[in-house]
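K.L.:
Protein sequence lines, in the order shown, are assigned to chains A and B.
Take the first sequence: its position 496, counting from 1, is numbered 667 in the working numbering, and each next residue is one higher.
Take the second sequence: its position 86, counting from 1, is numbered 94 in the working numbering, and each next residue is one higher.
Read the hints as simulated data drawn from the structure, not as lab findings.
Any given hint could be a false lead.
[Unchecked claim] Residues from chain A shown here face chain B by an in silico Cβ test under 10 Å; the list is partial: (1) Ala320; (2) Ala321; (3) Gly324; (4) Gln383; (5) Lys419; (6) Asn472; (7) Glu477; (8) Leu632.
[What the hints assert, rightly or not] Partial list, derived from the structure: chain A residues whose beta carbon lies under 7 Å from chain B: (9) Phe381; (10) Gly474; (11) Ser578.
Fair warning: this is a prediction, and the values are worked out from it, not measured in the lab.
Glycine is no exception: its CB is placed at the ideal position from the N, C-alpha and C atoms.
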Amino acid sequence: MASSDPLLPISAREEDPLSSDVSRSDPNAETHRRRRPVKGLLAVSFGLFFIAFYVALIATHDGSRSNDVKSDGTASRARLAGVSEKGNDGMWKLTGDRNTVSFSWNNSMLSWQRTAFHFQPEQNWMNDPNGPLFYKGWYHFFYQYNPNAAVWGDIVWGHAVSKDLIHWVHLPLAMVADQWYDANGVWTGSATFLEDGSIVMLYTGSTDKFVQVQNLAYPEDLNDPLLLKWVKFPGNPVLVPPPGILPKDFRDPTTAWKTSAGKWRITIGSKINRTGISLVYDTTDFKTYEKLDTLLHKVPNTGMWECVDFYPVSKTKVKGLDTSINGPDVKHIVKASMDDTRIDHYAIGTYFDSNGTWIPDDPTIDVGISTSLRYDYGKFYASKTFYDQNKGRRILWSWIGESDSESADVQKGWSSLQGIPRTVVLDTKTGKNLVQWPVEEVKSLRLSSKKFDMEVGPGSLVHVDVGPAAQLDIEAEFEIKKESLDKILGDASVAAEAEEFSCQKSGGSTVRGALGPFGFSVLADERLSEQTPVYFYVAKGKDSKLKTFFCTDTSRSSFANDVVKPIYGSSVPVLKGEKLTMRILVDHSIVEAFGQGGRTCITSRVYPTKAIYGAAKLFLFNNAIDATITASFNVWQMNSAFIHPYSEEAVRALSRA
Amino acid sequence: MKKVMMVVMMVMVMVSEASMIEQTCKETPDFNLCVSLLDSDPRGSSADTSGLALILIDKIKGLATKTLKEINGLYKKRPELRRALDECSRRYKTILNADVPEATEAISKGVPKFGEDGVIDAGVEAAVCEGEFKGKSPLTSLTKSMQKITNVTRAIVRMLL
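Working from the sequences, and respecting the hints, build out all of it.
P.N.:
Printed below as a string of structure tokens:
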């Protein structure tokens, strides 16, 4: 790597014992020099060369030693990759039944996977959401896109517009890698509205020398509501990695916010050794910047912080706030995407505008610590919010990658989705977490609905007949019957398990407890040979209080042996008097589950081979040993969003509209 | 005296050269394989961690090419294995056309997580191919090699995160 650090120790070390050997040999050199000047000089320079080389190697040793390999990383990554641990013969074993017929993806299975109402390009690879904004009647969405393949690479900015965040029209690429400062990648960035209503875009470029820099771009024509063309500032890059920051640890600039001094301020994630950090810069014109000496925040042992997001939330009102809002009724969220673990974490805290710093309310769950809060406990990364001035909401976009093999992605010709955009607010009831909910506009896709009210005894399974079951919106309310609860809480022989239970480690939805699991099995075939249960698990705690968990179990979602099938989830706060509620959006290969109004959210990717098309069904289940539950729920068929492929005529028509 | 010093320096340099590879390989699941792969490559002695990862991705590419050749040869020798060979062919082509380029680009550009994805996937593709033969694979030793190399490579890529 082109870091200047290895050069420093050499000059420093030239004073140390090694070089004194050279100086000791100097007298000889001098004598030799009188007789054979060339040989002497050559010998000395060889000597210095070897010292320099040796010392450079020491310097790079220090560099690589500081990067610890997490010893449990290899095994768990392997498990995540869909293969289980190595057997005695050193061979990887595939997950699933070893006696299953050898499996191949066919086009019917693969084409079913494409979603009906989630954002995705017509083909190829997508990753991070970029620069989302609302302008002149249109919601704009940009995204990391590979025009050439269904895997990451050759990244440029894709672009699409929508009136309602649901019905999208694809547009031409917004920015491509046509300058030296983004020749190797037009990477993630964010938009800021200036006071005059104009827009600036800051984004990361990977230069022709592979250095990560920040660049400025703006719309070529602010009178074009479609913002088709973008101009890159000729003076780019506007920011290069500062001293102490490695050239490949400097990316994903945020939306700017106004400081009380009247300047614009941005933050950019990075790392120093294993400490994740967020750098802060002030600017008045987005062209020249002043780096603050202080960091917005840092957390040791969290690794590189990607896609940092920073924004205010109201403590009392259930609405979004412009990024520049500050005041006593406001808390600030710091969010970062952890490169090491591919998890998005956030924390709630207090922002100090005078020096651009932020401290978390609860340092024990500081950003990036494994126990800290997440927007989503499933497959969900690189998320980014924006303030929607149209409806006064803060909206969250997220990159939902695939959990299948790259072979399948290549075969089907595409990879990745965006999650359904969600509103984000502080949970005014708990004050300790955010609450997310699919944007209201999703309801416009609801077609026919069916309402159900039923009592489900322990160990029961009910087929919920709704017709086609691959595009559904389910809203449900559950209650454990009082008699069951009282009996179990009062029974000392029913062990307390809340402290040990976790969705991931407690065996999935087939493991029966006193008070759960119960919920829905989506994308299930008739015989439930493939199914994806989304459920609550209520556990008795040592103090006899109840703790509720919300999980999605994908372990039996597919017979395919090359897909990742984790069990996802987390505990979910349930306040006194609240019923248990869940919402599930099913859209072919994506299942999004929202527990307790969006206090705990889980996005999963599933790839059934049998439970597809007409064979996909919906079931309600109660696997509790003793408890009877009541379930009251609505199931809607969801229409397609008919995302419009790019066409010149469509764009012309929209421009005239 | 100067000659002795130069020899001492050269030995120190040689020892430190091996040391960088050794240091890195110590943190992988297969030290011996790691060292032998990196030592055998002329770029190994002067590479940083990224460079070592790229060398190993090259080895993955070479092994996948070799395996694909073997698969192609098997169509004639073992026509009854046609279905499995078709699937294997698809899988190994993915390694060559998707995983390797993705990993190479990602590591060169400093976004190693996509490199890790590509390397993990190479291991998965090889495992799936092997599984196609239901215990009677003619490719087992090549598959084992791929598993071992991808394990080591992944460990080194993780050092870049």
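K.L.:
All hints are to be evaluated individually against the structure, with a verdict given for each.
P.N.:
Hints, verified against the model:
1. Using the Cβ-Cβ criterion of 10 Å, the hint placing A/Ala320 at the interface with chain B is satisfied: the shortest such distance is roughly 7 Å.
2. Satisfaction of the interface hint for A/Ala321 is found here, the shortest Cβ-Cβ separation to chain B being roughly 7 Å, below the 10 Å cut-off.
3. Hint on A/Gly324 holds. Least Cβ distance to chain B is approximately 5 Å, under the 10 Å limit.
4. Here the hint on A/Gln383 is kept, as its CB sits about 7 Å from the closest CB of chain B, short of 10 Å.
5. With a least beta-carbon distance of about 3 Å to chain B, the hint placing A/Lys419 at the interface is held under the 10 Å criterion.
6. Given hint, A/Asn472 at the interface with chain B, is violated; its Cβ is 12 Å from that chain's nearest Cβ, farther than 10 Å.
7. Interface hint status for A/Glu477: upheld, as the beta-carbon distance to the closest one in chain B is roughly 9 Å, under 10 Å.
8. With 10 Å as the threshold, the beta carbon of A/Leu632 stays out of range of chain B, its nearest partner Cβ sitting at about 31 Å, so the hint is violated.
9. Satisfaction of the interface hint for A/Phe381 is found here, the shortest Cβ-Cβ separation to chain B being roughly 6 Å, below the 7 Å cut-off.
10. Restraint check, A/Gly474 versus chain B: the minimum CB separation of about 6 Å is within 7 Å; hint holds.
11. Of the supplied interface hints, the one on A/Ser578 holds, with its beta-carbon coming within about 4 Å of a beta-carbon of chain B, less than 7 Å.
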